[in-house]
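Undergrad: Keeping their order, the protein sequence lines are chains A and B.
Under this note's numbering, think of the first position of the first sequence as 1, with each following residue one higher.
Under this note's numbering, think of the first position of the second sequence as 1, with each following residue one higher.
Calculated from the structure, these hints are not laboratory results.
Here's a subset of chain B near chain A, in silico, CB distances under 8 Å, partners left out:
#	residue
1	3
2	10
3	11
4	14
5	125
6	127
7	128
8	130
9	149
10	225
11	226
12	228
13	265
14	269
15	270
What follows is a set of in silico ranges between Cβ atoms, one per label pair, in the way DEER data are often shown:
#	chain 1	residue 1	chain 2	residue 2	range
16	A	79	B	102	35 to 45 Å
17	B	91	A	88	32 to 42 Å
18	B	177	A	100	56 to 66 Å
19	A	37	B	279	51 to 61 Å
20	B	76	A	145	53 to 63 Å
Just so we're clear, the structure is a prediction, and the values are computed from it rather than from any experiment.
In this text, a Cβ means the ideal position worked out from N, Cα and C, and glycines have one as well.
Residues per chain are reported as follows:
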Amino acid sequence: MKGRVIAAAAALGALAVTGCGSSTSGSGGGTALKSCVATIGFEGPITGPVAVLGTEQLHFADLALSMDNKANKTKISLVQGDTQLQPSQATTVTQQFTSNSKMVAVVGPAGSQEVEAVGPLMARAGMPFITGSATAAALTTGKYPTFFRVVSKDSVQGPQDANYIVNTLHPKSLMIVDDQEAYSTGLVAAMTPVFKAARIKVDHESVPQTTTDFSSLVSKVTSSTSVVVLPWQVAANAQQFGRDLAQQHKKAVIFGTDGLFSPGTFTISGSYVSSFGPDITAIPADAALAAAAKAKYGSFGTFGPPVFAATHVIDEAIASVCKAGQTPSRSNVMAAIKNTDEPTSILGQPIKFDSHGDLINGKFFLFKISSSGKYQLIPG
Amino acid sequence: MAFFFQELVNGVTTGALYSLVALGFSMVYGVLKLLNFAHGDLYMVGAFTGYFVIQWFGGPAALGIPVPLLLIIMFVLAAGLVGGLGVAIERFAYRPLRDAPRIAPLITAIGISFFLENSVLLLFGGQTRIYNTPEFISLSSGISIGPVTIDTVQILVLLSGAALMIGLRLLVSRTRLGKQMRAVASDREAAEMLGINVNMTIAATFFIGSALAGVAGVMAGLMFNQVANTIGFIVGLKAFTAAVVGGIGSIPGAMLGGLLIGIAESMITGYVSSTFTNLIVFGILIAVMLARPSGLLGRVQLAKV
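Construct the complete structure from the given sequences, taking the supplied hints into account.
TA: Take a look at the structure:
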């Protein structure tokens with residue numbers, strides 16, 4: 001244990017010295033900034049059914065903050081807000097955050113449905129917020145002017161996944177099941193036209209996210225249905241769906257979207273899962289950071305690193321504001337975020353936003369689950 | 001036809017769970033005229049009890065005891081612990097309000113529901129816990145009749161659910177305690193005047209109803225593999241609906257209501273679409289209530305004026 005702590009501290013120190021990659025325009029990593037004090041918020045599902053993902057996001061936000069504070073000599077503090085992936089809870093947290101005059105930006109929330117709920121509140125308060133996992137395409141049509149994301153959107157993921165299914169898995173018929181949340185229905189809307197254009201017979205089903213009994217639905221999977229697409233966010237549900245398939249001797253393969261990327265929970269052999277985030281342990285430039293995160297917090301998946309990137313963007317924006325001799329406020333931090341131009345990042349790709357807050361040239365990654373339950377990246 | 005029978009098996013199994021939880025709702029309403037909204041959370045505590053028993057004996061992949069013995073311990077512990085919790089809730093939260101206006105215990109019940117949900121959150125965290133049943137009860141075990149499959153867990157749920165319901169029916173109709181429960185449900189004051197220990201009878205009712213919810217929680221954990229502090233709400237709502245449709249206060253009514261909801265959900269998912277399941281199920285239930293306001297097996301109550 002002691003050794004792990006020392007290793008983590010050493011790795012963190014090394015990363016802090018190198019400034020962890022590039023920074024936003026105008027902010028010089030390592031430049032001393034006197035009295036650069038600011039508060040930012042974190043919104044994520046720290047408890048609830050997807051607490052594992054939310055906790056990972058919080059860990060990476062903390063990690064980015066501690067490294068950036070050290071590198072930039074800033075005093076940015078983080079206020080945690082637990083949304084439980086519930087729009088109502090996210091609204092309550094956002095009301096607390098927006099009424100906190102010291103808060104200049106927010107990392108999160110995690111889910112698209114939460115962004116839908118809090119977007120108007122954030123806009124009214126002029127609060128910039130950057131999500132590391134909300135991917136619904138409808139979020140960046142311009143209706144939430146203070147919203148940004150460091151991950152790609154479902155209008156990229158949906159067609160990308162659908163095309164892979166059509167061109168590689170060649171199903172004659174498939175079932176697609178939404179979980180009645182904005183994230184899920186948005187993906188279904190993005191994928192279905194691709195399936196229909198390929199003349200695949202589509203059985204579109206819908207179950208509430210709280211459902212845990214899929215036996216009746218699985219009974220509807222016919223022998224000609226070779227793929228079941230689950231654009232869900234609760235990995236335990238997909239695991240149960242897979243078990244129900246096995247119990248009823250159904251051969252269909254599950255294709256999950258990024259919400260199901262959970263190596264510890266969703267382990268149905270032969271399934272596919274896409275992810276907005278890469279496996280950073282496979283990115284050489286992230287080796288020290290990945291080791292530090294693992295030593296400090298244990299194993300992690302793909303939900304944490306994008307939140308690290310989101311927090312880093314905010315930290316650098318605040319630092320650039322201070323360097324310009326201004327006191328960080330929501331408006332000047334927002335302007336600095338808009339000017340973000342990182343040629344590389346923890347995600348292995350540049351971070352630059354378009355006029356609606358979308359990541360320019362973002363992409364998704366596809367994994368296949370092996371018989372041992374391990375996620376293996378599909379090249380391409 | 002095979003598809004119909006597969007959906008019937010699925011529906012009856014889920015319905016059996018609803019029935020077990022609905023029985024507790026109905027029994028408590030019978031003796032206290034109280035809608036115990038904390039009942040779904042007792043089911044959740046039962047599911048957690050089962051989970052921790054599995055962990056105690058080495059976890060699903062490395063059990064240190066035979067599976068039948070594990071199941072017995074899970075059911076007995078969940079029944080005992082949750083039954084005891086039900087008695088404690090009655091004693092400290094509901095009994096002081098027994099003569100208060102009916103809205104007071106109702107609000108208290110909602111408060112107890114939140115208390116239990118958040119206590120479990122504080123104690124064990126918010127993450128979903130996985131039973132991993134297939135690690136110790138193979139998915140391929142069970143019965144296959146043509147293309148219709150009934151796995152071991154479903155058989156277990158169906159048999160133990162049926163045994164518990166029959167046992168409860170016999171207890172209420174054939175035993176001294178059952179007679180006392182019926183007397184208290186009929187007229188509490190008169191029962192007291194006849195020498196029946198009302199407090200003890202109500203506590204016994206809470207114990208039995210809560211124990212059934214605890215056992216149902218373990219069954220749900222075995223079937224659906226996951227347990228979290230929030231799972232009680234939806235099941236509680238469906239069980240409450242089952243109890244009302246069957247005729248709240250009626251034990252056979254609660255059994256019938258649970259089975260009807262389970263089968264209706266399954267058939268609508270299978271033959272129409274999962275998209276419309278809740279819409280059609282609750283539409284049917286509204287129609288039933290309009291046609292028989294006291295529920296399918298409920299009796300019209302004559303009010304004293």
